[in-house]
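Student: One-letter residues, chain by chain:
Number of protein chains: 2
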Amino acid sequence: MSIRSGRRPGQSGTREAILAAARARFAEVGFDKASIRSIAAAAEVDSALVHHYFGSKQELFAAAVDLPIDPAFILEAIQNAPLAELGTVLPRTMLTVWDSEAGPGVVAAFRSIMAGGDTALVRTFIVQVVLASVRDRIDNPKGSADLRISLVASQLGGLLVTRKVLGIEPIASLPAEEVARLVAPNVQRYLTGDLD
Amino acid sequence: MSIRSGRRPGQSGTREAILAAARARFAEVGFDKASIRSIAAAAEVDSALVHHYFGSKQELFAAAVDLPIDPAFILEAIQNAPLAELGTVLPRTMLTVWDSEAGPGVVAAFRSIMAGGDTALVRTFIVQVVLASVRDRIDNPKGSADLRISLVASQLGGLLVTRKVLGIEPIASLPAEEVARLVAPNVQRYLTGDLD
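Protein chains in written order, with this note's numbering: chain R, 1 to 196; chain X, 1 to 196.
Chain R extracted, bound-state conformation (with noise of 0.2 Å):
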């Protein structure tokens, strides 16, 4: 989508040239290398009109990819979480993600990927933006953090699969924080322990 040159759009037509520009960019060279500023120009509009309508660019990339939540939520809770707990508090967070109101937008989101959709930002989400907040903290030995977030996100993405999609018994039903509890030494191994 552009905006056609000669008309000045209304509010409406800037948002969404700066979501068409920013999904493009993201797809394109991922969430890392994507700057504001380049999807501003893209966008043929300012750095800071992008900041005025998103906020911060997690927060860009959580609205292009039509993300149901916002994804500082999690953030937060895997940042402020202790090394040694965080294989509890991953997918502690995460359950409560699907289980919450949202749950169904992100299962939806998730089907539609899994048939054939834009896996790029999927893959872009869950390694640079989810799990990069956790990278320098389980880079140990150093240059092992980008295999131990493909296996945490291994375990993570197939209990989604089997809880909410598969509806396999019992994880289906258990309540979140038993099946955070009996998965956590799993999540716990892939983040700090050892791997060889």
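Since the list can't tell identical chains apart, any single copy or any two copies may satisfy a pair.
Here are the simulated DSSO-like pairs of lysine-lysine, each with C-alpha atoms no more than 30 Å apart in a straight line: (1) K33 with K57; (2) K33 with K164; (3) K164 with K142; (4) K57 with K164; (5) K142 with K33; (6) K57 with K142.
Since the hints were derived computationally from the structure, they do not count as laboratory data.
For chain R, the structure is supplied; the task is to place chain X on it using the hints.
Tutor: Relative to chain R, chain X alone:
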């Protein structure tokens, strides 16, 4: 699909009628409770003909859900593995199938089910066919088998999603043997470890 009365169906009509009856029956009551006899009755053929065309109930199931692999391959590997090595053998067997010529078919089937296909049939396949073959061996303490199976399904399903659908690195590119080794202790804990 039903056979028109007053007309003797050809071989291909009979085969299709059996498959249609099998699909309906498996979806309705699950793998365990769907007997060859009841499927034959619904297709208006003799049970012997079902065995003649499809062999075992597992093979009939695989044909009914268009499974691009022979489940016997998976089942044999699982049944022959010592309990203490199942945590390695299970992911290694699955990874071998996904990386094989049959892999694209498995991934395509998985994606289409995620998109809104019949989840009852996958649930049945995972729980009642593949993992049921280990159920008795891992039911310790008694009554824990279903929980253990659903946890294993969450890890293996997540591996399929990250490696084959989302392509999250390095899991997407590591040799199957290496991925199996990395997740093995986690799968083994779900199978035989302390879950309290």
